[in-house]
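K.L.:
Sequence:
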Amino acid sequence: MDNEIIVSESHVISKIYLVRGQKVMLDRDLADIYGVETKRLNEQVKRNQERFPQNFMFQLTDQEVEILMSQIATSRLDEDTGWGGRRKLPYAFTEHGVLMLANVLKSARAVAVSIKIIDIFVRLREALLANQDMLLKLEQLDKKMSNIGHDVKMHDGEIETIFELIKEIMEERMRPKPRTPIGFKPQA
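Under UniProt numbering, the sequence shown has 175 at position 175, and the numbering climbs by one with no breaks.
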């Protein structure tokens, strides 16, 4: 490819959201990255609906849109003028949906960009797995530490008992012992 498609990894990562427990990208963000209008992207999806099952793409609910809008800067629909914002609920595309979009859009840019996006999804998944592995190791370490803490508490009690016994022995030695008087005592 002569003219290299440059899409920064940080830009793509900033456009990946967690919705319904899945990492997804919104139709408008993908359209921007692919260099097409959101309307055209959605038209291609509708023409090829059989290629986009529920696990590839789904439409967000009003509540999900509100949550996302609170997290990202988006324009809201001005109720007086009707201008600004979206008039339809956005579509969210999973990793598989992003790949299928490249096939549907059939442009060199779409193919190149989707390869980069898929690579980023894969790296995110690997990072998540590494973090889960790290979390598992931390949990195991925490269990060991709590067991050690339990053992230390048990030993603390034993050590405290030993110190009490030593203290009693020392106090006993410090107490004056009754002495038998020296000399002769007549027995009565």
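It is worth saying that the hints were derived from the structure and are not from the lab.
Watch out, some of these pointers could steer you wrong.
Lysine-lysine pairs mimicking BS3-like chemistry, simulated, CA-CA at most 25 Å apart [what the hints assert, rightly or not]: (1) Lys39 to Lys143; (2) Lys39 to Lys137; (3) Lys46 to Lys137; (4) Lys106 to Lys15; (5) Lys88 to Lys39.
Now the in silico label distances, taken between C-beta atoms and shown as ranges [to be verified]: (6) Ser107 to Ala127: 22 to 32 Å; (7) Ser8 to Glu66: 21 to 31 Å; (8) Lys39 to Gln63: 22 to 32 Å; (9) Ala108 to Lys144: 50 to 60 Å; (10) Gln71 to Ser8: 16 to 26 Å; (11) Lys144 to Glu37: 49 to 59 Å; (12) Leu124 to Glu158: 45 to 55 Å; (13) Lys144 to Ser8: 57 to 67 Å.
By construction, the Cβ of each residue, glycine as well, lies at the ideal position given by its N, Cα and C atoms.
K.L.:
For the hint 49 to 59 Å, verify it against the beta carbon of Lys144 and that of Glu37.
P.N.:
57 Å, holds
K.L.:
Please verify whether Lys46 and Lys137 have alpha carbons no more than 25 Å apart.
P.N.:
Violated, because 46 Å separates the two Cα atoms, which is more than 25 Å.
K.L.:
With 16 to 26 Å as the target window, see if Gln71 and Ser8 comply at their CB atoms.
P.N.:
This hint holds: roughly 20 Å between Cβ atoms.
K.L.:
Is the hinted pair Lys39 and Lys137 satisfied, with a Cα-Cα distance of at most 25 Å?
P.N.:
47 Å, violated
K.L.:
Quick one: are Ser8 and Glu66 within 21 to 31 Å, going by C-beta?
P.N.:
28 Å, holds
K.L.:
For the pair supplied as a hint, Lys88 and Lys39, confirm whether the alpha-carbon distance does not exceed 25 Å.
P.N.:
11 Å, holds
K.L.:
Indicate whether the distance between the beta carbons of Ser107 and Ala127 respects the range 22 to 32 Å.
P.N.:
Holds - the Cβ-Cβ distance for Ser107 and Ala127, about 30 Å, lies within 22 to 32 Å.
K.L.:
A range of 57 to 67 Å was offered for this pair. Does it hold for the Cβ distance of Lys144 and Ser8?
P.N.:
For Lys144 and Ser8 the Cβ distance comes to about 42 Å; the hint is violated.
K.L.:
May I ask you to test the hint 50 to 60 Å on the CB atoms belonging to Ala108 and Lys144?
P.N.:
Between Ala108 and Lys144, where Cβ atoms are some 54 Å apart, the hint holds.
K.L.:
Look at the Cβ atoms of Leu124 and Glu158 and judge whether their distance stays inside 45 to 55 Å.
P.N.:
50 Å, holds
K.L.:
Is the hinted pair Lys106 and Lys15 satisfied, with a Cα-Cα distance of at most 25 Å?
P.N.:
22 Å, holds
K.L.:
Could you check the hint for me, namely that Lys39 and Gln63 are 22 to 32 Å apart, CB to CB?
P.N.:
Since the Cβ atoms of Lys39 and Gln63 sit about 24 Å apart, the hinted range of 22 to 32 Å holds.
The structure is inconsistent with the numbered hints 1, 2, 3, 13, although it conforms to all the rest.
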